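Put together the whole structure using the sequences plus the hints.
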Amino acid sequence: MQTDSGLVNVRVKVILETSVLIASSTYFVSKELKSSKTIKDEHFERSMELISELRKRVRQRIGVYTRTIAIETRNALREAIKRHLEREGCNPQNLKFILDHCDDRLGRTLEILSLEPVDQERRTHFLTEVYKMYSRLSERSTVVTEQSTRSLAEQKTAITAPPKLWGVQSEIQTKQVRQEYRQLYYLTDNPPGPRDHEILAEAAALYESYAAEAPTELYMASADCSHFSPATAYTGIVSDQITKQIEESFHVKCDWPESIAHCLRKLK
Amino acid sequence: MRPVVWGLRTELADRAFPDILSEFATIGSSLATMTEQKKIDLKIITRLDALISFFEEKEKYWKDSKSVSASSAFALYHAWCNLRLITSKMRSRFQEAEKRHENPKTTVDCLRILPSLLDVYTNLSEVDGRELSKDEDTATYDGITQLRNVAYHSGMLPSMNDELREVDRKAVIEEFEKFANGFRFSQCAREGNS
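Protein chains in written order, with this note's numbering: chain A, 1 to 268; chain B, 1001 to 1194.
It cannot be assumed that every hint is accurate.
What the hints assert, rightly or not - Simulated restraints, written as ranges between beta carbons of each label pair: (1) B:LYS1066 with A:ALA212: 31 to 39 Å; (2) A:GLU247 with B:GLU1096: 33 to 41 Å; (3) A:GLU248 with B:ASN1181: 46 to 54 Å; (4) B:GLN1095 with A:ASP119: 48 to 56 Å.
Stated by the list, open to error - Here are the simulated DSS-like pairs of lysine-lysine, each with C-alpha atoms no more than 27 Å apart in a straight line: (5) A:LYS82 with A:LYS31; (6) B:LYS1178 with A:LYS31; (7) B:LYS1060 with A:LYS82; (8) B:LYS1099 with A:LYS82; (9) B:LYS1038 with A:LYS82; (10) B:LYS1178 with A:LYS82.
Hints were generated in silico from the structure; no laboratory data involved. All values derive from a computational prediction rather than experimental measurement. Note that beta-carbon positions come from the ideal geometry of N, C-alpha and C, so glycine has one too.
Below is the structure:
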């Protein structure tokens, strides 16, 4: 197999993270139910692009998952149903229907992916590394304050704009700086949970075992930009401090499912 | 035919768990005989009806029960309901077996699903009637996931349309949209609302 970058004999693997598996199973159910609101929602559609690409290439065994991912996905569906149970006037019959059909659809999706065993010793090793990495990033994110953002924006303004435009330009630059560091803002607001750490540690352990067999590019499809995938602003500015760090530390390329689907289409 | 079933139903509803287990054993041995003889014995429908009624009683009880937390009651309702649905599908497969020329496929498919049905039932016989611990809750849901998966691959899972007949489609869609909306956690970042 050949990748877009022209590397010959580089094997490509895609590990699907919980958010993508949930989005795809939800999309399938919405389609069967003819729920126009959800079908038209891009959030769910994006995951489908990747799922259909992986289905076409099922014999190449590109799509993978781990036991932790499957358990975590099922738990997320069940927990969401339990939260709905607490709402007044909810009908258990409807919730049972939703849970079962999302779970069934998840099962069908997992059937086109390969369940990969994870070396527990290496997983534990990487888990420590993952905690350290997020801890360093969290420290870095505390530096990204409103004050430091404004200060950086003012510095940029002073270089790029004439003095009479400094007021307007400074506002624009502040917005841009905020967008550039968006992922770190998210990390402060929404720190990764134990399961996020575990999933990344397993992905790192998988990369290591793949790479020991043959040159491999490992993508992790995720719709979670607080901890994995890049955050893209409407202006096109990409904030990927966490994503880049993950790739640098663990050789795992986190990205949005539709972007990975796009890469797969280019594979020979 | 119904009065006979109802007679059995009342009798079964009062039975203890071991009696239901022996009902499963009888069904299992009938299935084995039918598969061996390649002949469908429709008497099995009466036995399945009795089980369906028993499961239905349990399902109804747990649907609105306040004797345990909402979460435990739902897990139990969910499990009993699935037992009923899948056993009902078995029943309808037997009813249509001759017409569809599905002999001995029907009995083979039923034999394939019986161990999972029994697993779920055995688990329920241990936890029914009390608050579920976290592990019991997980085991109950996992059992149903496994059961529905085996049922799907054996043609014993009711279709979505079959299940929709039991609920208000519009209400399900409304509830589903609220549920799905809860998972759109990171869309804002992708869309770029600053």
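Tested hints:
Here the CB-CB span from LYS1066 (chain B) to ALA212 (chain A) is close to 56 Å, at odds with the stated 31 to 39 Å. At roughly 56 Å, the beta-carbon separation of GLU247 (chain A) and GLU1096 (chain B) lies outside the given 33 to 41 Å, and the hint is violated. Checked against the hint of 46 to 54 Å, the pair GLU248 (chain A) and ASN1181 (chain B) fails, with Cβ atoms roughly 35 Å apart. For GLN1095 (chain B) and ASP119 (chain A), the Cβ-Cβ distance of about 51 Å falls inside the hinted range of 48 to 56 Å, so the restraint holds.
Our distance criterion of 27 Å between C-alpha atoms is met by LYS82 (chain A) and LYS31 (chain A), whose separation comes to about 23 Å. Distance restraint check for LYS1178 (chain B) and LYS31 (chain A): the Cα-Cα separation of roughly 15 Å lies within the 27 Å cut-off, and the hinted pair is therefore satisfied. For a cut-off of 27 Å, the pair hint linking LYS1060 (chain B) to LYS82 (chain A) stands: about 19 Å separates their Cα positions. For a cut-off of 27 Å, the pair hint linking LYS1099 (chain B) to LYS82 (chain A) is broken: about 42 Å separates their Cα positions.
Annotation: proposed proximity of LYS1038 (chain B) to LYS82 (chain A) is violated, straight-line Cα distance about 45 Å (limit 27 Å). Pair hint LYS1178 (chain B) plus LYS82 (chain A) holds up; C-alpha atoms about 13 Å apart against a cutoff of 27 Å.
Checked against the numbered hints above, the structure violates hints 1, 2, 3, 8 and 9; every other hint is satisfied.
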